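Based on these hints, arrange chain S on the given structure of chain Z.
Same order as they appear, the protein sequences are chains Z and S. Following this note's numbering, the residues of the first sequence are numbered contiguously, the last one being 147. Following this note's numbering, the residues of the second sequence are numbered contiguously, the last one being 594.
Source of the hints: derived by calculation from the structure; they are not laboratory data. Please note: incorrect hints may appear among the correct ones.
On the chain S side, residues computed to face chain Z include the following (Cβ under 8 Å) [as the list claims (entries may be wrong)]:
1. 220
2. 310
3. 312
4. 347
5. 350
6. 383
7. 464
8. 470
9. 551
Predicted, not measured: the structure shown is a model, and the values here were computed from it. A virtual CB, placed ideally from N, CA and C, is assigned to each residue, including glycine.
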Amino acid sequence: MSKVFRGRVIVAKKANGTALVTRQGFNTLASFYRSILKNATRAVCSDQDNPFLYKKPLTDKVICLPRTIGSTSAGAVWEVVAERKIAPKALLFSGAIDSLAAGGVVLADLWIGRPIIAIDQLGDEFLKSVRDGQEIEIQEDGTVIVH
Amino acid sequence: MKNQKDENSLGDLSWVRLHLTKEEERILRGKRGKMLQKVMKTVVHYAQACGAKKLVPIDGAAHLVISQAFPGLGPRMEMVEELVRTGLRTKWPFTVDPRPLDFENMALSSRQKRIFQKWYRNQDDFEKLLKKLGLRNNSAFTCTCYLPEVGNIPRKGEVLAWSESSAVIFANSVLGARTNRNGAIMDLLCNLSGRAPYFGLLTDDGRRAGWLVEVRTSTLPDPQLLGGAIGKRVQEDVPFIAGLDKFLGRGLKRKTRDFLKDMGACCAALGACGLFHAENITPEAVERKRDLLKKDFRRYVIDDEELRKTRKAYPVLWMDKRAKPKRCLIGCPHLSLEQLNWWVTKIHGALRDGGKSRPDIEVVLFAAPEVLKEFRKNQRVFDKSIASGIKLSPSCIESFMNNPLVAEEPIITNSNKLRAYTTARFFLDQEILDIIADRRSNKAGRA
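Okay, chain S solo, but in the shape it has when bound:
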């Protein structure tokens, strides 16, 4: 990006190395307005940095990571206002990550509340601006936009410019759509321009696997631990995962979908992985089988011992490592309807078996607004959640834990992604149930 000032003069496209269409050239010359010119210029620079040779049209609705009016976690207000003022809008209504705040369902001290109120004082205005840019509706806030209740479900082969690492890897791997891992703000700019740089996971070659990951565990591994191990090893590469069909069966069932959702989120959060193939399960692996492997692929064997070592390496960041947990937060990424039903039923059962009606700690399950709406229709399970004192929230756990006064608390989770970004302590599902039901001798402290 040399000579930025020269580039600003209309008509000078000498810095452009991409092959542009006539329309793209017109935009870049400013014929469609100054702001779209700036947006396109940013996308072209991004494309060139990533080694793209051209831009391609985006085929469908976006999912964007930018749901929060907090600098660093979302775009600056001034920038969004500038974009709105010029009337730019995405071609299709988009979904975004969860809202950061939930005063209604989360137990917060007044000091904790004040911090959130100060941080997110612009949230309402920000959401109004997002609507002007193309946000679908008030319920479009979730990291699991691809669930049927939410319905932002791209088709196989569709070209997209998504962000939110867990959504990107799901769209690519489980749905067979094509999107790179676009960063916050660049996701929006690509969708406003209607174009995505053609490189990486948009290309056939970029979707081939550099790693063969062989799962040789004695039982179905925990998806969060497995994903963490894979992401850490393969980093930005594409893994071809063999051995999961032994436990999950062939093809995509709902349970398999949820397993892959959680595994993928951890591959992406602990690495830079935007796509995996699961043998006999995910669409491209079913079609092309091991032809998807590159000639010089590397091999990674995951057995029980490897997962034990992976988990052992996770630091515990609680101030008092033997503290009794105060909260249990589940749903990063957001839970599916089936997962929500599973957790409520299991927690209710564990409490009953332990002779308790309610847990001693705050238990919150997080899911998309539309998923929670559906969940509430199932009166029998919903009543169990009320009876067990379980709270439901459509917000973002990660944002909740960003509050330094919340981060000081001993919080447990089954999310390896949440563990990686916050002070929350990771436990397996069964361990979580034992802690909630008070069935462990010294709670989390002896894990």
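Chain Z with its partners taken away, still in its complex shape:
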């Protein structure tokens, strides 16, 4: 049975995608930097400290996360993964978006013109119930349907 959650829109766009879930903070630089350095056409998570995501593909996934963590280089990371078309399709935050992710998705949208959907404040229940591989439907008003 589908579950419906409502969040706050940071960057809006209608989309569908497959969930990739991390129940710990998403370390943006640690996750993407090897793919960036290799000039990869698909990003694979290189964060050795994240057992939920390590070595899993990130590109075009709907990443469900509590927040992002780690280096402040993250702003430039989001911009470049958007530019190289290796970004996730969406970032769905259970809590409030953090400053690094907020800055990154704003830059990707306004300076690169390739928005990464971002919706925050979906609630703890969202992160508790969503599982890897589930189909997610995102609407422009911040509604998220987990199928």
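Showing chain S alone in chain Z's frame:
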């Protein structure tokens, strides 16, 4: 951020939910030029995403993370060129993170060198552009800008828009300045606009602690391990750390400053922590004591066993886990002058005790250009570094290790931050000295 195209039309500010001053409104309407309008629009969107209600003026010089002409680790050249062309400049000269390259002091194979040369082919041009945007000078490249030799030291209460996670947490916690953890590029844009979004660590409420961390170890814990454990647990929250004064004493001495520098860097790298309070030590904790704790604070006790478990969970990413280390890299974040003196003296002593004059592995200590300049003035210790074959570098270890051919090497470090981002293997200071002096039965392999 709906209807981006509509927003571009001059005068349409219907999307703005912030309270803006008249001047900010004029900028946003394009009265101060198209580029500043775009910069301000980006800052306003950022502020709104972060839940800010207004922007506030920035009081002092910036420290920015963007020192590298490498997409993803710094801004795109096209963007920087665009900003320079329009004549935008920060109000105060800024410092930036370390340079990525050091061919002079690091032993590199020609293949390793070629990779760096290819990656950083635009570095010189990039630095010229940074100067046009307000970079202080050629020595302004370090992640420890707040050290006295470097001198980008904000005052207590000063509003800033800094990046570099280790510098942000130091400025907030040890100096009592106020900055959020701004990401690369957004740091620059905020400082070009002269404004920071008012939320989080800029506010009194955002500086209150959600965690009481009780340090109950038998001896002074390793700052890198302690910071890693705290960051991993509290994530983006503010910890109030009790029990460190038992080992470090009250107030801020130089040794305490260096401990907090390294601990803070790991809190930030392994979590998203931008501020900590240390009981009876850091300025706000001295002033407000446990009133800084939120009503519903959580508790985390750190004892010897907790640190042992923390360390045990760190994976070893060397291809051959029993390999003999090839390099030892120390100084992420950059070492202070006192730390530099300590390491050189200790390494020199360990080699002498082990009957060796030079280590079998390359040992490099990293510090700010201005700190290295001061270090070289102390002839006695500087001579020891030369005699012990220790190399000194003002560059960034993390950037060095980004090179895939370097990452393949068995490299040891005492930096938990470096461990988290690279394949370097973490050891405590004393273990590092033992490895350098060849006093371990099977080097790193049996750690």
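Under 8 Å, Cβ to Cβ, is where residue 347/S needs to be relative to chain Z, so tell me if that hint holds or is violated.
7 Å, holds
Per-residue hint verdict: residue 312/S, partner chain Z, C-beta under 8 Å
5 Å, holds
When the least beta-carbon distance from residue 220/S to chain Z is tested against 8 Å, hint result:
Hint on residue 220/S: holds, closest Cβ of chain Z at ~6 Å, below 8 Å.
Taking the least C-beta to C-beta distance, is residue 464/S closer than 8 Å to chain Z?
This hint holds: residue 464/S lies near chain Z, its Cβ roughly 6 Å from the closest one there, short of 8 Å.
Is the interface hint satisfied for residue 470/S? The criterion is a beta-carbon contact with chain Z at less than 8 Å.
18 Å, violated
Does residue 551/S pass the interface hint, meaning its C-beta sits closer than 8 Å to a C-beta of chain Z?
7 Å, holds
Hint check: is the beta carbon of residue 383/S less than 8 Å from a beta carbon of chain Z?
With Cβ-Cβ at 6 Å, under 8 Å, it holds.
Interface hint check: residue 310/S, Cβ to nearest Cβ on chain Z, cutoff 8 Å. Holds or violated?
Given a least distance of 4 Å, the restraint on residue 310/S holds.
Can residue 350/S be said to touch chain Z, with a Cβ gap under 8 Å?
13 Å, violated
In this structure, the hints that do not hold are numbers 5, 8, in rising order.
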